[in-house]
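Protein chains: 2
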Amino acid sequence: MADPSLASTPDPPYVAVIFSTQRTPGDAGYAAASDRMLELARVQPGFLGVESARGADGFGITVSYWRSEADALAWRAHAEHLPVQARGREAWYAGFELRVARVERTRSWRPSG
Amino acid sequence: MADPSLASTPDPPYVAVIFSTQRTPGDAGYAAASDRMLELARVQPGFLGVESARGADGFGITVSYWRSEADALAWRAHAEHLPVQARGREAWYAGFELRVARVERTRSWRPSG
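Just so you know, the protein sequences line up as chains S and H, in that order.
Position one of the first sequence corresponds to residue 1 (my numbering), numbered consecutively onward.
Position one of the second sequence corresponds to residue 1 (my numbering), numbered consecutively onward.
Looking at chain S on its own, in the form it has when it is part of the complex (with noise of 0.2 angstroms):
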């Protein structure tokens, strides 16, 4: 997935969808479709970042933050993101856990000097 970086996010509270999947191996237009989420998120009323890792082992964690729950909720059934969900269990995932939390407290570190 794309830009693999600490988001930048208001202070709390807000909304965080935690997202951990096991990719099945190959891409099966995964890639691409990830991408156009991504891209397609980042312009939802009330997206405030997000953020992506996943290991060569194919287990990943996406964490998408939202200004309320009703803006996360709009997201997951958004008409273009819908059948991309569909795929997403057709073809794309081992299993998944998601979770809908809200962020209460928050502490951010960069290097000093």
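Because the hints were derived from the structure by calculation, they are not lab data.
Values in this document were obtained by computation on a predicted structure and should not be read as measured data.
Ideal Cβ positions, reconstructed from N, Cα and C, are used throughout, including at glycine.
Just so you know, not all the hints are guaranteed correct.
[Said to hold, decoys possible] Part of the chain H face toward chain S, derived, beta carbon under 7 angstroms: (1) Leu6; (2) Ile18; (3) Ala53; (4) Arg54; (5) Gly55; (6) Phe59; (7) Gly60; (8) Ile61; (9) Phe96; (10) Arg99; (11) Val100; (12) Val103.
[To be verified] According to the in silico footprint, chain H covers these stretches of chain S (three or more CB under 8 angstroms from chain H): (13) 5 to 19; (14) 49 to 63; (15) 80 to 94; (16) 98 to 112.
Using the hints provided, position chain H relative to the given structure of chain S.
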């Protein structure tokens, strides 16, 4: 980090600590310390599970799950954990974001048949 797989967590609510990090190049004792912290976290009161992924670019996300925020804070203050946190800022991380969140809604999926 060891054990990169989906965590089976109980029904919400529970607490997620989302730790997003950019690693500096090289190991410098990171892998051994990371394994030890995982081993130690697993036996702390209120520990529910952990998921972790890091890409080849050094960007990683580790999410640990806890019964309560008090349990997560106790782990943060653990005598063996504190010097490792300091070492992280000195040597291993080029930056991090830590977010404490309350998980309110979950969805699990595994392939059927």
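Hints, one by one, checked against the model:
1. Interface restraint check: H:Leu6 against chain S, minimum CB-CB distance 5 angstroms, threshold 7 angstroms, status holds.
2. The restraint placing H:Ile18 at the interface with chain S holds, with a minimum CB-CB distance near 6 angstroms, inside the 7 angstroms limit.
3. Taking 7 angstroms as the C-beta contact cut-off toward chain S, the hint placing H:Ala53 at the interface holds, the least distance being around 4 angstroms.
4. Taken as an interface hint, H:Arg54 checks out: its beta carbon lies about 6 angstroms from the nearest beta carbon of chain S, inside 7 angstroms.
5. Taken as an interface hint, H:Gly55 checks out: its beta carbon lies about 5 angstroms from the nearest beta carbon of chain S, inside 7 angstroms.
6. Of the supplied interface hints, the one on H:Phe59 holds, with its beta-carbon coming within about 4 angstroms of a beta-carbon of chain S, less than 7 angstroms.
7. Interface hint at H:Gly60: satisfied, since its Cβ lies 5 angstroms from the closest Cβ of chain S, which is below the 7 angstroms cut-off.
8. A hinted interface residue such as H:Ile61 counts as satisfied when its beta carbon comes closer than 7 angstroms to some beta carbon of chain S; here the least separation is about 4 angstroms, so the hint holds.
9. For the restraint placing H:Phe96 at the interface with chain S, the shortest Cβ-Cβ distance is roughly 5 angstroms, inside the 7 angstroms limit, so the hint holds.
10. Satisfaction of the interface hint for H:Arg99 is found here, the shortest Cβ-Cβ separation to chain S being roughly 5 angstroms, below the 7 angstroms cut-off.
11. The criterion of a C-beta within 7 angstroms of any C-beta in chain S is met by H:Val100, whose closest approach is roughly 4 angstroms, and the hint holds.
12. Interface restraint check: H:Val103 against chain S, minimum CB-CB distance 4 angstroms, threshold 7 angstroms, status holds.
13. Interface restraint, the segment 5 to 19 of chain S with chain H: holds (7 residues with C-beta to C-beta distance below 8 angstroms; minimum three).
14. Beta-carbon proximity to chain H at under 8 angstroms applies to 11 residues in the segment 49 to 63 of chain S; the threshold of 3 is reached and the given coverage holds.
15. Coverage of the segment 80 to 94 of chain S by chain H holds. Counting CB-CB distances below 8 angstroms, 3 residues qualify, and the rule asks for three or more.
16. Note: the segment 98 to 112 of chain S has 14 residues with beta-carbon separation from chain H under 8 angstroms; the three-residue rule is met and the coverage holds.
Of the hints listed earlier, there is not a single one the structure fails to meet.
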